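Generate coordinates for the entire structure from the input sequences, incorporating the hints supplied.
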Amino acid sequence: MTAEAILSIPTPPRQSLSVTTGRDRARKTKQWLAFMMLRGAILIVAAALVVIVGFLVINGISSISWGFLTEVPRNNMTEGGIWPCIVGTLLLSLGAMAVALPLGVASAIYLHEYALPGRTMRIIRLGVNNLAGVPSVVFGLFGLGLFVTAMNLGVSILAGWLTLGVLCLPVIIGTTEEALRSVPATYREASLALGGTKWQTIWRVVLPSALPGILTGSILGISRAAGETAAIMFTAAVFYTPKMPNSIFSDVMALPYHIYVLATAGTEIEKTRPIQYGTALVLIALVLGMNLFAIILRAWLQRRGSR
Amino acid sequence: MRRSTKEIIIKQAFLATAVTSLAVLALIMIFLFMEGLPTFSFVSVKDFLFGLDWYPTDEANPAYGILPLIVASGAVTALSSLLAIPLGVMTAVYLAEIASPRVRAVVKPVVEMLASLPSVVIGFFGMVIMAPFLQDYFGVAVGLNLSNAALMLAFMSVPTIASVSEDAIYAVPRDLKEASFALGATHLETLARVTLPAALSGIGTAVILGMSRAIGETMVVLMVAGGAAVIPNSLWSPVRPMPASIAAEMAEAPFRGHHYHALFATAMVLFMVTLFFNILADYFSHKHQQSGSASL
Numbered sequence: 001m002t003a004e005a006i007l008s009i010p011t012p013p014r015q016s017l018s019v020t021t022g023r024d025r026a027r028k029t030k031q032w033l034a035f036m037m038l039r040g041a042i043l044i045v046a047a048a049l050v051v052i053v054g055f056l057v058i059n060g061i062s063s064i065s066w067g068f069l070t071e072v073p074r075n076n077m078t079e080g081g082i083w084p085c086i087v088g089t090l091l092l093s094l095g096a097m098a099v100a101l102p103l104g105v106a107s108a109i110y111l112h113e114y115a116l117p118g119r120t121m122r123i124i125r126l127g128v129n130n131l132a133g134v135p136s137v138v139f140g141l142f143g144l145g146l147f148v149t150a151m152n153l154g155v156s157i158l159a160g161w162l163t164l165g166v167l168c169l170p171v172i173i174g175t176t177e178e179a180l181r182s183v184p185a186t187y188r189e190a191s192l193a194l195g196g197t198k199w200q201t202i203w204r205v206v207l208p209s210a211l212p213g214i215l216t217g218s219i220l221g222i223s224r225a226a227g228e229t230a231a232i233m234f235t236a237a238v239f240y241t242p243k244m245p246n247s248i249f250s251d252v253m254a255l256p257y258h259i260y261v262l263a264t265a266g267t268e269i270e271k272t273r274p275i276q277y278g279t280a281l282v283l284i285a286l287v288l289g290m291n292l293f294a295i296i297l298r299a300w301l302q303r304r305g306s307r
Numbered sequence: 001m002r003r004s005t006k007e008i009i010i011k012q013a014f015l016a017t018a019v020t021s022l023a024v025l026a027l028i029m030i031f032l033f034m035e036g037l038p039t040f041s042f043v044s045v046k047d048f049l050f051g052l053d054w055y056p057t058d059e060a061n062p063a064y065g066i067l068p069l070i071v072a073s074g075a076v077t078a079l080s081s082l083l084a085i086p087l088g089v090m091t092a093v094y095l096a097e098i099a100s101p102r103v104r105a106v107v108k109p110v111v112e113m114l115a116s117l118p119s120v121v122i123g124f125f126g127m128v129i130m131a132p133f134l135q136d137y138f139g140v141a142v143g144l145n146l147s148n149a150a151l152m153l154a155f156m157s158v159p160t161i162a163s164v165s166e167d168a169i170y171a172v173p174r175d176l177k178e179a180s181f182a183l184g185a186t187h188l189e190t191l192a193r194v195t196l197p198a199a200l201s202g203i204g205t206a207v208i209l210g211m212s213r214a215i216g217e218t219m220v221v222l223m224v225a226g227g228a229a230v231i232p233n234s235l236w237s238p239v240r241p242m243p244a245s246i247a248a249e250m251a252e253a254p255f256r257g258h259h260y261h262a263l264f265a266t267a268m269v270l271f272m273v274t275l276f277f278n279i280l281a282d283y284f285s286h287k288h289q290q291s292g293s294a295s296l
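As you go down the protein sequences, you meet chains L and F in turn. If you use our numbering, the first sequence corresponds to residues 1 to 307, in order. If you use our numbering, the second sequence corresponds to residues 1 to 296, in order.
Mixed in with the good hints there might be a few duds.
What the hints assert, rightly or not - Think about it this way: if two alpha-carbon atoms lie no more than 30 Å apart in a straight line, the pair counts; the simulated DSSO-like pairs of lysine-lysine are: (1) K177/F / K28/L; (2) K243/L / K271/L; (3) K108/F / K177/F; (4) K198/L / K11/F; (5) K30/L / K177/F; (6) K6/F / K198/L; (7) K108/F / K30/L; (8) K108/F / K28/L.
Stated by the list, open to error - Chain L side only, calculated, beta carbon under 10 Å to chain F, not exhaustive: (9) Q31; (10) V51; (11) F55; (12) M121; (13) S136; (14) V138; (15) L169; (16) R273; (17) Y277.
Unchecked claim - To be clear about the criterion: a stretch of chain L counts as covered by chain F if any three or more of its residues have a C-beta under 8 Å from a C-beta of chain F, and this derived list gives those stretches: (18) 22 to 30; (19) 42 to 50; (20) 104 to 110; (21) 139 to 147; (22) 191 to 201; (23) 229 to 238; (24) 278 to 291.
Calculated directly from the structure, the hints in this document are not laboratory data. On a predicted model such as this, the values are computed, not experimentally measured, just so you know. Ideal placement from N, C-alpha and C gives every residue a C-beta, glycine not left out.
Dropping the structure here:
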């Protein structure tokens, strides 16, 4: 086609052009409206977090004092501090992680490094996904039936560890798999090319580079265990115990259960309101602090990885 | 040879650990059935599932019908889904398609933090702040009721729905969207006619997982739902969903008494429902797996 031929193509009439712009404007307006609605949804979600955390901070901050954090409850739990609950929650969540971490990391290594797509992998994955969906109160009953009753551990720290441990297992498996996925295939190939066996490759190459990601996962797991209530109310936590835990067979007090008990079952619900707010504030500070740390750690890892 | 034997042993050891999750799931089922099935020696399956009266502690004439609890669980979950599904999916669309990287870096952690709030804290919020608010501004007689619980539950399932849907939207192949843009479609038209339909099975999975989380959530319904074991007749009725009943009564139920067994049987029903939801979600995500534009 020559230049003259192109030039001779008639331009579309003005009218039709203006019609398209009008329609374009309508389409743009529609898009603008729809995207504003999406922004609105985000604002609602963010507002929910801000309102919940904000109210607890405003109402709880006046209860927080050195004494509140380090003293034991007194006078039928209407005065004093929450030290035993803090200790109990830390003990329970760290111990649960000690149960879940080896099992979870090993499961993830199998699923990501060894298993070939097929029936075995599909069934194991189905098991993990379903375990993640089991309601926490069912975990509580399971712990009551197996650990407390059948294994005769009683309501104890150990029973709590095992119950919370299996509850956190899917979290650990999920985050570890993600960490393993982020290890470049070239690392594995280089190790295998040097004559390393599969296990040597995993142990010396894959795991060290996945370690920070696994750490992130275990922090998330600890925070999940720390906030869990229904799973420990029949297995580890008690309403009130005058002594600090001295063995893995002791029962303990825990922050989430303390909030629940004071807010619903106490005889002086109104009087202990400041303690309830204070305990809730300590619990969310603990849980959100750990989550924030994990989120920052992950962002740092991603930046390092992309460099 | 020795080296390869060692490798095989290691592999088998990892397989054995990976089966733990399955074993735990099986054990959960065994223990629920072991403690729950004796219920049907003193109440028939039909009377248990469809009985209207739940008076397990009545000395003279105990009744073990969990229909009010089942209806309560269903109502609370359905109502919370009405709010959580649009909010969660919209959040996911915004995060995956519209947010700039800088906005995303702020909003994504916000959603994750919402997910990590302990349920007892959300329940506490619903009890001490939302309930009086509803009574004062909506003139509701009882602040702890179906709607309050559904609202609190919605904020717990939004993060689940959002993060799973977001992955599904991300997984839509780039060339599909580019083809739509090349045809002159706007971003919104591409979203509505190409991206979302392609991600639909993933979003379906997300919705099912979110609902499953709402059904099984315990502390919120225990603290906020009101606790009346009757079939609700309005959105403001106090209700007693299954997890709340189990958590509230287990401590007082005499060990291996009728009440104890009935609670385990309720947990059996709850477990079956969530298992069904999770298998359905798994089926959805495998059946319509989007591995590339070729599978559309």
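Now for the hints, and whether the structure bears them out:
For the suggested pair K177/F and K28/L, the alpha carbons sit about 18 Å apart, so the restraint of at most 30 Å is met. As the CA atoms of K243/L and K271/L are separated by approximately 24 Å, the hinted pair is consistent with the 30 Å bound. Between K108/F and K177/F the CA atoms are separated by roughly 23 Å; this keeps the pair inside 30 Å, and the hint holds. For the proposed pair K198/L and K11/F, the alpha carbon gap of about 9 Å is at most 30 Å, so the pair holds.
At roughly 19 Å between alpha-carbon atoms, K30/L and K177/F fall within 30 Å of each other, so this suggested pair holds. Among the hinted pairs, K6/F with K198/L is consistent with the structure: their alpha-carbon atoms are about 11 Å apart, no more than 30 Å. Under the criterion of a C-alpha separation no larger than 30 Å, the hint pairing K108/F with K30/L is consistent with the structure, at around 26 Å. Taking the CA atoms of K108/F and K28/L, the gap is about 27 Å. The hint holds against a cut of 30 Å.
Checking Q31/L against chain F by beta carbon gives a least distance of about 4 Å; that is within 10 Å, so the hint holds. Nearest Cβ of chain F to the Cβ of V51/L: about 8 Å, under the 10 Å cut. The hint holds. Because the smallest distance between the Cβ of F55/L and any Cβ of chain F comes to about 5 Å, under 10 Å, the interface hint for this residue holds. With a least beta-carbon distance of about 9 Å to chain F, the hint placing M121/L at the interface is held under the 10 Å criterion.
Hint status for S136/L: holds, given a least beta-carbon distance of 6 Å to chain F, under 10 Å. Of the supplied interface hints, the one on V138/L holds, with its beta-carbon coming within about 5 Å of a beta-carbon of chain F, less than 10 Å. Nearest Cβ of chain F to the Cβ of L169/L: about 6 Å, under the 10 Å cut. The hint holds. Using the Cβ-Cβ criterion of 10 Å, the hint placing R273/L at the interface with chain F is satisfied: the shortest such distance is roughly 7 Å.
Nearest Cβ of chain F to the Cβ of Y277/L: about 8 Å, under the 10 Å cut. The hint holds. By the rule of at least three residues with a Cβ nearer than 8 Å to a Cβ of chain F, the coverage given for the stretch 22 to 30 of chain L holds, with 3 such residues. Judged by the Cβ-Cβ criterion of 8 Å, the stretch 42 to 50 of chain L is covered by chain F as claimed, because 6 of its residues qualify and three suffice. By the rule of at least three residues with a Cβ nearer than 8 Å to a Cβ of chain F, the coverage given for the stretch 104 to 110 of chain L holds, with 4 such residues.
For the stretch 139 to 147 of chain L, the assignment as covered by chain F holds, since 7 residues bring a beta-carbon within under 8 Å of that chain's beta-carbons and 3 suffice. Evaluation of the coverage hint for the stretch 191 to 201 of chain L: fulfilled, as 3 residues show C-beta separations to chain F shorter than 8 Å, against a requirement of three. A count of 4 residues in the stretch 229 to 238 of chain L with a Cβ less than 8 Å from any Cβ of chain F is obtained; the coverage claim is therefore met, three being the minimum. With 6 residues bearing a CB less than 8 Å from a CB of chain F, the stretch 278 to 291 of chain L meets the requirement of three and the coverage assertion stands.
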